[in-house]
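Asks: Numbered by the numbering used here, the letters in the sequence shown go through residues 1 to 188 in order.
Treat each hint with caution, since some may be false.
The following label-pair restraints were derived from C-beta to C-beta distances [as the list claims (entries may be wrong)]:
1) T94 to L169: 14 to 24 Å
2) S170 to S42: 18 to 28 Å
3) G41 to S90: 27 to 37 Å
4) T83 to A135: 40 to 50 Å
Keep in mind the hints are simulated off the structure, nothing from the lab.
A virtual CB, placed ideally from N, CA and C, is assigned to each residue, including glycine.
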Amino acid sequence: RHVMRHREVCAGGIECGSGVCQEVRLPGTPGTVTVINSDDGSIVGNPIPVGSVPLAAVIEPATGLMYAINAGDDTVSSVNLKTRVTTTKSLGFTGYQQAAGIELLFGKLWVSDYLGAVHVYDLNLVPVGTVSTGALSMPSDIVALDGKLYVTLFASAFSAVAEINPDNLSVKTVTVGSGPRAITAYAP
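Construct the entire structure; sequences and hints are all you get.
Replies: Shown next, in the form of structure tokens:
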């Protein structure tokens with residue numbers, strides 16, 4: 001069993017992970033993900049290079065591929081966890097678009113971008129659709145549950161969670177507390 005740790009930039013420009021502060025990866029510089037053995041806490045192999053500022057990742061269990069979104073250069077890296085071969089492709093973002101979250105549902109990757117959309121890609125990283133969550137709604141974290149996607153809308157004008165139906169790409173929003181940034185799934 002292994003778990004993936006991705007780097008997070010904390011307040012004050014200090015990069016933290018597993019309680020250890022390390023140098024900050026600035027946009028434009030390569031980032032890495034590290035495989036950690038969950039049985040004994042040891043690092044498995046060398047860090048795996050990905051794009052700039054890896055922010056979130058998902059693993060496709062059937063293929064063993066990990067997909068990491070990289071906010072520093074708006075790319076997505078596909079990593080074969082057995083061979084550690086990485087392929088990084090542009091998300092096709094322009095202007096102020098910035099990758100924020102990623103989820104895997106029904107064989108598609110769903111990537112939120114802070115300007116107000118969730119972009120849909122096939123597993124070859126080819127764009128296949130876009131869902132608007134509202135201009136400047138700042139969608140960030142994204143999670144799948146019971147065949148639907150839930151996305152936090154961080155902007156203060158929204159302060160909501162968007163529910164996306166992947167069948168027809170319809171969006172319903174539920175107002176929640178101020179500025180939601182993270183979400184998790186729970187099925188009692």
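Asks: Which earlier hints turn out false for this structure, listed by number in ascending order?
Replies: Violated hint (a single one): 2; every other hint is consistent with the structure.
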